[in-house]
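There are 2 protein chains.
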Amino acid sequence: MSVLNDALNWRYAAKRMNGDTVPADRIERILDAIHLAPSSFGLQPYTVLVIDSPALRQRIQDQAAQQPQITECSHLLIFAAWDPVEESAVDELIGRIAAERGVPSEELAAYRDTIKGTVRGKTPEQRVEWAARQAYIGLGHALSAAALEQVDASPMEGFDPAELDHLLDLQSQGLRSVVLVALGYRDTDTDWLAGLKKVRWPRERTIQSVG
Amino acid sequence: MSVLNDALNWRYAAKRMNGDTVPADRIERILDAIHLAPSSFGLQPYTVLVIDSPALRQRIQDQAAQQPQITECSHLLIFAAWDPVEESAVDELIGRIAAERGVPSEELAAYRDTIKGTVRGKTPEQRVEWAARQAYIGLGHALSAAALEQVDASPMEGFDPAELDHLLDLQSQGLRSVVLVALGYRDTDTDWLAGLKKVRWPRERTIQSVG
Numbered sequence: 001m002s003v004l005n006d007a008l009n010w011r012y013a014a015k016r017m018n019g020d021t022v023p024a025d026r027i028e029r030i031l032d033a034i035h036l037a038p039s040s041f042g043l044q045p046y047t048v049l050v051i052d053s054p055a056l057r058q059r060i061q062d063q064a065a066q067q068p069q070i071t072e073c074s075h076l077l078i079f080a081a082w083d084p085v086e087e088s089a090v091d092e093l094i095g096r097i098a099a100e101r102g103v104p105s106e107e108l109a110a111y112r113d114t115i116k117g118t119v120r121g122k123t124p125e126q127r128v129e130w131a132a133r134q135a136y137i138g139l140g141h142a143l144s145a146a147a148l149e150q151v152d153a154s155p156m157e158g159f160d161p162a163e164l165d166h167l168l169d170l171q172s173q174g175l176r177s178v179v180l181v182a183l184g185y186r187d188t189d190t191d192w193l194a195g196l197k198k199v200r201w202p203r204e205r206t207i208q209s210v211g
Numbered sequence: 001m002s003v004l005n006d007a008l009n010w011r012y013a014a015k016r017m018n019g020d021t022v023p024a025d026r027i028e029r030i031l032d033a034i035h036l037a038p039s040s041f042g043l044q045p046y047t048v049l050v051i052d053s054p055a056l057r058q059r060i061q062d063q064a065a066q067q068p069q070i071t072e073c074s075h076l077l078i079f080a081a082w083d084p085v086e087e088s089a090v091d092e093l094i095g096r097i098a099a100e101r102g103v104p105s106e107e108l109a110a111y112r113d114t115i116k117g118t119v120r121g122k123t124p125e126q127r128v129e130w131a132a133r134q135a136y137i138g139l140g141h142a143l144s145a146a147a148l149e150q151v152d153a154s155p156m157e158g159f160d161p162a163e164l165d166h167l168l169d170l171q172s173q174g175l176r177s178v179v180l181v182a183l184g185y186r187d188t189d190t191d192w193l194a195g196l197k198k199v200r201w202p203r204e205r206t207i208q209s210v211g
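These protein sequence lines are chains A and B, in that order. So for the first sequence, the UniProt record's numbering puts the first residue at 1; every next one is plus one. So for the second sequence, the UniProt record's numbering puts the first residue at 1; every next one is plus one.
Simulated from the structure, these hints should not be mistaken for lab results. Accuracy of the hints is not assured; some may be wrong.
Which copy is meant is left open, because identical chains are indistinguishable; a pair holds if it fits in one copy or across any two.
[Said to hold, decoys possible] Calculated pairs, EDC-like style, for lysine to aspartate or glutamate (alpha carbon to alpha carbon, straight line, at most 20 Å):
| # | residue 1 | residue 2 |
| --- | --- | --- |
| 1 | K197 | D32 |
| 2 | K122 | D52 |
| 3 | K198 | E92 |
| 4 | K116 | D160 |
| 5 | K198 | D91 |
| 6 | K197 | D91 |
| 7 | K116 | E157 |
| 8 | K116 | D32 |
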């Protein structure tokens with residue numbers, strides 16, 4: 001075993017949380033792990049909204065099947081894919097790389113054209129899906145980081161994206177919500193899932209050697 | 001900083017690797033982290049193919065823009081989404097949960113119906129996208145785990161999925177390749193990317209507080 005896998009065995013998607021606040025330094029480290037996540041071409045085509053306001057979380061809960069962990073958690077993360085993914089973002093990325101690495105933008109022209117070619121080859125809907133997949137890499141980082149911080153993290157797809165986007169006015173910001181994560185602490189007294197055995201497919205079904 | 005974030009700052013997507021073999025125990029721990037990744041309803045609708053055969057990796061390289069890390073790595077992972085995602089898999093999952101937790105399947109009927117309702121609500125293409133997103137959570141775990149093991153991991157979307165699926169006969173196995181990861185060791189002498197500053201959007205662009 002490793003420290004990470006011990007933590008991943010400890011974690012589960014808590015359905016009930018106890019309302020305790022996760023210390024700011026732990027939240028920041030979890031968010032850093034998301035920010036450090038790689039993405040296709042380094043475009044990071046998503047935004048993570050961090051919500052600790054109880055009042056706002058209550059309104060979000062109304063769009064998410066009344067799941068209790070949304071109000072019982074400490075912080076709610078909303079992963080929102082960029083929609084649309086525009087070519088101008090590629091130009092921004094090239095400018096950012098040039099500035100950060102101190103190279104002329106012209107040297108990155110071939111890279112820019114490769115990325116733009118990939119973007120152009122996708123329909124608007126395919127671009128959003130592509131962006132959503134990148135967000136899910138960040139989600140994987142968040143779940144790993146939270147487990148290592150001994151913070152419970154419950155990912156949720158069970159919400160109404162259109163209603164949530166409307167509530168938070170995401171469309172006007174060029175965003176579309178794709179997945180939520182509640183960060184907090186499990187309430188072992190009330191959570192029916194607490195203490196139940198973790199179930200995965202037999203490892204040989206998920207992981208297969210070939211060749 | 002945390003141990004994870006130190007590791008994530010160390011990691012980058014190595015474009016050239018030195019051919020050294022990653023010890024089996026490290027590979028297994030990285031694969032365990034994928035196997036432990038959560039997924040929507042716990043369905044884990046993807047398979048990870050592990051390929052160490054140099055001959056097979058050479059043939060895969062032909063379908064992946066000749067990226068050198070595919071043959072210079074130690075192990076190549078292919079994340080393949082289930083296609084199709086069938087309702088029978090939901091029945092299997094319910095059977096698995098019942099057996100692992102020692103509860104009668106009938107007690108899980110409502111859960112089964114919820115999952116089936118979600119599956120039925122998606123087109124075949126939406127199901128594959130849904131499965132692909134779950135695979136990307138596993139990808140995020142793999143990248144975190146590899147970094148903690150000081151193993152380089154290069155995720156790759158730049159390949160021809162249809163050709164790769166044909167080469168590995170994935171369609172007949174109900175699989176569709178969605179992303180690759182090369183696991184190995186960076187070759188700092190030949191990799192132009194080695195040592196370059198990691199570039200991310202300003203943190204406040206990716207991570208935003210709301211409410």
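Homo-oligomer pair classification [E92, K198; C-alpha up to 20 Å]: Close across copies (16 Å), not inside one copy (43 Å); limit 20 Å.
Since the copies are identical, ignore which copy is meant and state whether K197 and D32 lie within 20 Å (CA to CA) inside a copy, between copies, both or neither. Classified as between: cross-chain Cα gap 17 Å, same-chain 30 Å, threshold 20 Å.
Reference check for the pair K116 and D160, CA-CA at most 20 Å: within, between, both, or neither? between (31 Å within a copy, 18 Å between copies)
Within, between, both or neither: K197, D91 at alpha-carbon 20 Å: between (49 Å within a copy, 19 Å between copies)
State whether the alpha carbon distance between K198 and D91 is at most 20 Å within one copy, between copies, both, or neither. Answer is between; shortest inter-copy Cα gap is 18 Å, intra-copy 45 Å.
Classify it for me, K122 with D52: is the Cα-Cα distance of at most 20 Å met within a copy, between copies, both or neither? neither (36 Å within a copy, 32 Å between copies)
Alpha-carbon proximity between K116 and E157, which holds within one copy, between copies, both or neither at 20 Å: between (30 Å within a copy, 15 Å between copies)
Between copies, within a copy, both or neither: which fits K116 and D32 at Cα up to 20 Å? Cα proximity of K116 and D32: none, with 28 Å in one copy and 36 Å across.
When the structure is compared with the earlier hints, violations turn up for hints 2, 8 and for no others.
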